[in-house]
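Quick mapping for you: the protein sequence lines, in order, are chains A and B. In terms of the working numbering, the first sequence is numbered consecutively and its last residue is 1018. In terms of the working numbering, the second sequence is numbered consecutively and its last residue is 114.
Treat the hints as calculated values from the structure; they're not laboratory data. None of the values given here were measured: they were computed from a predicted structure. We treat Cβ as the ideally placed atom computed from N, Cα and C, and that holds for glycine. Errors might be hidden in some of the hints.
Derived coverage of chain A by chain B (criterion: at least 3 residues anywhere in the stretch with Cβ under 8 angstroms from a Cβ of chain B; other residues may be distant) [said to hold, decoys possible]:
id, segment
1, 845-857
2, 861-868
3, 885-892
One-sided excerpt, in silico: chain B residues whose CB lies under 10 angstroms from chain A [said to hold, decoys possible]:
id, residue
4, Q25
5, L31
6, M34
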Amino acid sequence: MAPPDPILISAARRHVPEAWETLLKQHQLPLYAYAAELIQDRVAAFDVVQETFASAVRHIESLRNDAKFGSWLFGIAHQKCVQHWRRTRRTKEIFSAEDDASDDWADDNAIDPRTLLIRQEDADEFFALVGQLPVPQRSTLLLHILEEFSLEEIAAVTAVPVGTVKSRLHHAKRALIRLVKEAQ
Amino acid sequence: MKSPRNWLFERHQASIPRLDAMRISIRPSRPSLREFFRELLYPHRVAWRVLAAAWAILVLFHFTLGRSPRRADPSMPPPELLAALIAENNFHDTLAQNDRNP
Chain A
835 MAPPDPILIS AARRHVPEAW ETLLKQHQLP LYAYAAELIQ DRVAAFDVVQ ETFASAVRHI
895 ESLRNDAKFG SWLFGIAHQK CVQHWRRTRR TKEIFSAEDD ASDDWADDNA IDPRTLLIRQ
955 EDADEFFALV GQLPVPQRST LLLHILEEFS LEEIAAVTAV PVGTVKSRLH HAKRALIRLV
1015 KEAQ
Chain B
13 MKSPRNWLFE RHQASIPRLD AMRISIRPSR PSLREFFREL LYPHRVAWRV LAAAWAILVL
73 FHFTLGRSPR RADPSMPPPE LLAALIAENN FHDTLAQNDR NP
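Could you put together the complete structure from these sequences and hints?
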């Protein structure tokens, strides 16, 4: 997604309703898709988006770099998803599924999920496979696919080091390939 | 054939009316004075605590050192000399009084 108009952000900082209307409209669907696919609960995803909107409006002063509005917003949404898991007491179970073992990343560019073209009949199966990934990998992959965030931006959104993001993305791609092969 | 991004958006297209309603319900307003101070203080609460602790230590030192004997003013004579001068002065007063009332 293109960086937001600096005039819009400036107006949002002054609490101009029209500026917020435009900014939130631009981001509502990607935010919802991220939350829904990440927590695998479409109803709870609405709550996540609503809480994200409210929090963004209330804490706009904490946005340090206007050009990073998108990743800042996704960072809030990610935290709301974590809070959702805390409420449902699944945090430990979900995050213990992470596998950060280092691996050879030489083939990292061999497959880019963003450039894949999927037929309609395969789309549901593809996202079912994404849903089977461990949550940290799923989150990284979704941010990579949805917003084309850089590794640094994904690291900022998920509050982990860049090396961890690299590792998660690598494992997510490999797991996807494995799952596709198993499904065939 | 579409990219995963486009499929994702299509999968959640039905959520748009509810998201629109949700967005419209968000009314940005200027924060109240209370919220302003909370947002000013809350993100830096560690710094504020350190500052408060530093002030507490300063106040403690101020009162502790304020009660200890101060260093004598270098322009004043030593206390022993001062006492001797006062005693001599009193002695002279007594003599003068005796002269007036023999």
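Hint-by-hint comparison with the structure:
1. For a cut-off of 8 angstroms, the count of residues in the segment 845-857 of chain A with a CB near a CB of chain B stands at 6, and the three-residue condition holds.
2. Under the rule that three or more residues need a Cβ within less than 8 angstroms of chain B, the assignment of the segment 861-868 of chain A holds, with 5 such residues.
3. Coverage of a stretch by a chain is defined here by at least three residues with a beta carbon nearer than 8 angstroms to that chain's beta carbons; for the segment 885-892 of chain A and chain B the count is 4, and the condition holds.
4. Because the beta carbon of Q25 (chain B) sits about 8 angstroms from the nearest beta carbon in chain A, less than 10 angstroms, this interface hint is met.
5. A hinted interface residue such as L31 (chain B) counts as satisfied when its beta carbon comes closer than 10 angstroms to some beta carbon of chain A; here the least separation is about 4 angstroms, so the hint holds.
6. Interface hint at M34 (chain B): satisfied, since its Cβ lies 5 angstroms from the closest Cβ of chain A, which is below the 10 angstroms cut-off.
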